[in-house]
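Listed below are the residues making up each chain.
4 protein chains.
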Amino acid sequence: MPERRELRGVFAPLTTPFDSDDHLSLPRLRQNLARYNATRLAGYVITGSTGEAILLSWAETEELWAAVVEAAAADKILIAGTAAETTKETILRTRRAADLGFEVALVRTPHYYQSQMTPEVLADYYHRVADASPIPILIYSIPQYTGITVEAPLVERLSEHPNIAGIKDSSGSVQRAAELVSVARRNFRVLVGSASTFFAALMVGASGGILALADALPEACVELYELSMAGKIAEARALQERILPASKALVSRWGATSMKYALDRLGYYGGPVREPLRPLGEVARREIDELLAAIQARAAK
Amino acid sequence: MPERRELRGVFAPLTTPFDSDDHLSLPRLRQNLARYNATRLAGYVITGSTGEAILLSWAETEELWAAVVEAAAADKILIAGTAAETTKETILRTRRAADLGFEVALVRTPHYYQSQMTPEVLADYYHRVADASPIPILIYSIPQYTGITVEAPLVERLSEHPNIAGIKDSSGSVQRAAELVSVARRNFRVLVGSASTFFAALMVGASGGILALADALPEACVELYELSMAGKIAEARALQERILPASKALVSRWGATSMKYALDRLGYYGGPVREPLRPLGEVARREIDELLAAIQARAAK
Amino acid sequence: MPERRELRGVFAPLTTPFDSDDHLSLPRLRQNLARYNATRLAGYVITGSTGEAILLSWAETEELWAAVVEAAAADKILIAGTAAETTKETILRTRRAADLGFEVALVRTPHYYQSQMTPEVLADYYHRVADASPIPILIYSIPQYTGITVEAPLVERLSEHPNIAGIKDSSGSVQRAAELVSVARRNFRVLVGSASTFFAALMVGASGGILALADALPEACVELYELSMAGKIAEARALQERILPASKALVSRWGATSMKYALDRLGYYGGPVREPLRPLGEVARREIDELLAAIQARAAK
Amino acid sequence: MPERRELRGVFAPLTTPFDSDDHLSLPRLRQNLARYNATRLAGYVITGSTGEAILLSWAETEELWAAVVEAAAADKILIAGTAAETTKETILRTRRAADLGFEVALVRTPHYYQSQMTPEVLADYYHRVADASPIPILIYSIPQYTGITVEAPLVERLSEHPNIAGIKDSSGSVQRAAELVSVARRNFRVLVGSASTFFAALMVGASGGILALADALPEACVELYELSMAGKIAEARALQERILPASKALVSRWGATSMKYALDRLGYYGGPVREPLRPLGEVARREIDELLAAIQARAAK
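Sequence order for the protein chains is A, B, C and D. Residue 55 in our numbering sits at position 55 of the first sequence, and the numbers go up by one each step. Residue 48 in our numbering sits at position 48 of the second sequence, and the numbers go up by one each step. Residue 64 in our numbering sits at position 64 of the third sequence, and the numbers go up by one each step. Residue 250 in our numbering sits at position 250 of the fourth sequence, and the numbers go up by one each step.
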């Protein structure tokens, strides 16, 4: 077994390219990856929330995974979103991702039966998946989509498992990030999911981020990480402040829809979202155009 | 095309029987149906939330549907839960249910990308599904699991579609039920999903209910419906009050888990729930035992 | 001590009239009361939420109370809102209301320190106030303003106190109303605070309502009560449906502000609200004008 | 008019000492102030949420204010909580505080009529108070008690007023703190109310904090501020982590109740809280004892 690479830095949770007939477009995927490969991103997450994972068939998922493994640069850590609603299906998918060459699995909380997803049920779920997985897993807590928050006492317990490598916490709460860092065992990694509070989360001990914003602005996100790690507080804060409006508009408000629109404007391939998701309206498109223009004007200076 | 039957009365959203190896058990299903067939239930919902639909594979779903169509009495209206997260998959499933002989499709709101499920997106989704469906559809609003509530203005609009027959509203709000009745076109049916407020919902104009409680206590639920429709207010209210604790314990608090436990105690087949769901704890089991004993003592008088 | 009158029927929680200089206007109060006295309202609540109680000084409160006692017809039950944030101040006010001739005190939950208002703290509070009060008290639960809901288990306990006569539950939940009726001792009264679900609440056993809508439409509210009590279900339901839009627009959305505007349009005195509350905007005014025109057109038929 | 002092650093929102008969105890207040005067606290807030302001009569408030002005050291900035529910009463109180010698007024959002407290209403309220106040005011946003959050767009607008000096944001959200810093004019101060995220808030540009925890642990809070400002990130983060459990236990969970208990254990005067608040239970007391013992053990090393 190869040595585990450190889960540090900025990971981009890639969008899934569809063509105009709503089919997976692997050429477009490779085209995007060629550009991402040239950045200092630490790795990629495939089939996460930004990747419209929940809208893909299993056949599409496997096809996508195989293509990413082939096209990604060797220095990028590959993480597959492998969660299904049942324990056994999650295990099957996680094993398949490992077979294909993924280094880590990102496992979202099961969530449909919200009121029954007690800490005990979740602990049991993650233990079983981690026991059965050939690769380390990351817990994935994204309350805005699932209604479920993985809190510090559960993380404290789960961090003891040798095959649970960390958590992606998308709550946006810096206090929670700090608590997770504080309760977890030493080499458990806290990655945050919100670019809006990335700088502050790094200050309180997060190891990095899986940031949808890095799909559109990988260099800025990486720079924010590097400035923060280098202790250049004033510059990091200023960059964080510049990034905030884009993070809110491209990620928090319209998710994959606005992200794909922005990618198209930035020379990546975005393409359509899958229904029931709908293309961005005129007002939102104009708002994003202005935002991107402002960012590029600043970068040009 | 046969004449549409009225969506009135009490429908039972059936549990899905698994054997001890976590496989579908069609013999157990038939055994339960034999008993339900002898009641005055108006029909059955298969692969709803109580049926652990979200935990079934597509192959299991088809197998289950076929078995129900075969085993159900002819006077029961059969409703299949057909929602997937994508529009096209929902349409495929709805067509398959129609092919197999289901009379109505129950279509839960897509929900993972909650913040993007605006009334416009939902309207578009339901229009497309209804346009493509050979059988009438019911909108399914269950905010406690999806985070999404279908509100009256959207229902007003959707009720105009000739192939949208009604809504199952599981919010438990009697005010909402009254509003839905008030805004919808005349032959649009409002079915509620909460036995706890069934009597009041009928009083404000609901046509019936899809009541998980009817899995365990079909006769009591049907009696409550009939007393309410006959204007026997005092008796209906008294029965509603007797039913309330069972509804809260068997349905609201632990969902399919407690329902299956109760079914086992009542001579139906309940059996295990599928992981990550977990068997009921000792305290909850004892509470339900006492509840059922009280109900049976009263019935024996 | 005179015999207690039954807390049944419709109570109007009166607005507090201010003149254009923001002073209490007792003449305007008497003018309104003269009209209300001629209705079949069961009584009045003074200094409730609709009465802008929280915006009045103690001197104004006493002045208002005295004036109401003088001007109200003898057949009306008078209820004073007497809650302050401290236990001792609530007791002082309750005693003063009793001295002035009020028959019942309506005691809102203390609420600023929300997270500390546990059932134990609230039980203790209500016991102390009830022990010290010369007149029976009503618990007042209004979560939309206080963030605190008085739930059934606490009501079960409090209903044992001989000086706690009932509860005003403004949550709008018919299930809660049914539960409160079910758990409380026999002569404990459940009055609801929402005209939008008044009919359904009466069906499940509520004794009546303290309905802000009755300030503007006392006759319709009383008629809804009487039809419901007489078992005229179809007529009651139809009237409930007619009342619903007015209840939402005049009460739920803009509170005292829209109520005072409507009163002015209906020949009562509404007058200004007190700052920081602000007069209704143009759009809202027009919406209410249309609503009232529709109601009057129907009444004229 | 003297030059305005900078609102920077750590402010302690003082508890209000009551004796065993529930009367204000000014000797106890002076005793506490004597100790606080010897710290590097930037100033004091009197009659804030921790000071049980909402439970005090106006006469008590004035008495307390006068005593604090007399007993506080000259280098401490004095801030009075002056909010009432009406605009005119808030103005009266603010003027009185200025007369007595307070340098700044802390003005909580009016909140009882939550749904009507729109940004427009709040803007109007703060403008009127600021226009009428002889001293600069601080906006006070504390959603956990009021249900109302003052968001960035409103702050952007209010920060233009020359007599609105800043905001105390008690939401605990570091993202909001960052946004407030970003949108406000240059010399508008963002003070946070949560010691749990103080370090992160300072990193994103907050000027300081009004921290209840500083009542019990003023030196640690001041040290955290100074380390953060000096760019000693690792030490600041470590101290933040040590402070977190105390902040949650003494402030977030039981408010003034646990704070007064802790003060008694630490040699300050805490004394009883006022009813309906109740003394801390046995379990909570023991938890706090252990917490304080751990802190003192560490400090002794």
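Treat the hints as calculated values from the structure; they're not laboratory data. The beta carbon of each residue, even a glycine, is placed where N, CA and C say it ideally should be. Certain hints may be false.
[Claimed, not checked] Computed footprint of chain D on chain C; a stretch qualifies when at least three of its residues, placed anywhere within it, have a C-beta under 8 Å from a C-beta of chain D:
hint : region
1    : 124-134
2    : 141-154
3    : 267-278
[As the list claims (entries may be wrong)] Okay, derived cross-link-like pairs now, EDC-like style, lysine to aspartate or glutamate, Cα gap no bigger than 16 Å in a straight line:
hint : chain 1 : residue 1 : chain 2 : residue 2
4    : D       : K248      : A       : D22
5    : C       : K88       : D       : D21
6    : B       : K88       : A       : E151
7    : D       : K76       : D       : E6
8    : C       : K88       : D       : E6
Hint check results:
| no. | hint | in the structure |
| --- | --- | --- |
| 1 | 124-134 | holds (count 3) |
| 2 | 141-154 | holds (count 3) |
| 3 | 267-278 | holds (count 5) |
| 4 | K248(D) with D22(A) | 49 Å, violated |
| 5 | K88(C) with D21(D) | 12 Å, holds |
| 6 | K88(B) with E151(A) | 36 Å, violated |
| 7 | K76(D) with E6(D) | 11 Å, holds |
| 8 | K88(C) with E6(D) | 40 Å, violated |
Of the numbered hints listed earlier, those contradicted by the structure are 4, 6, 8.
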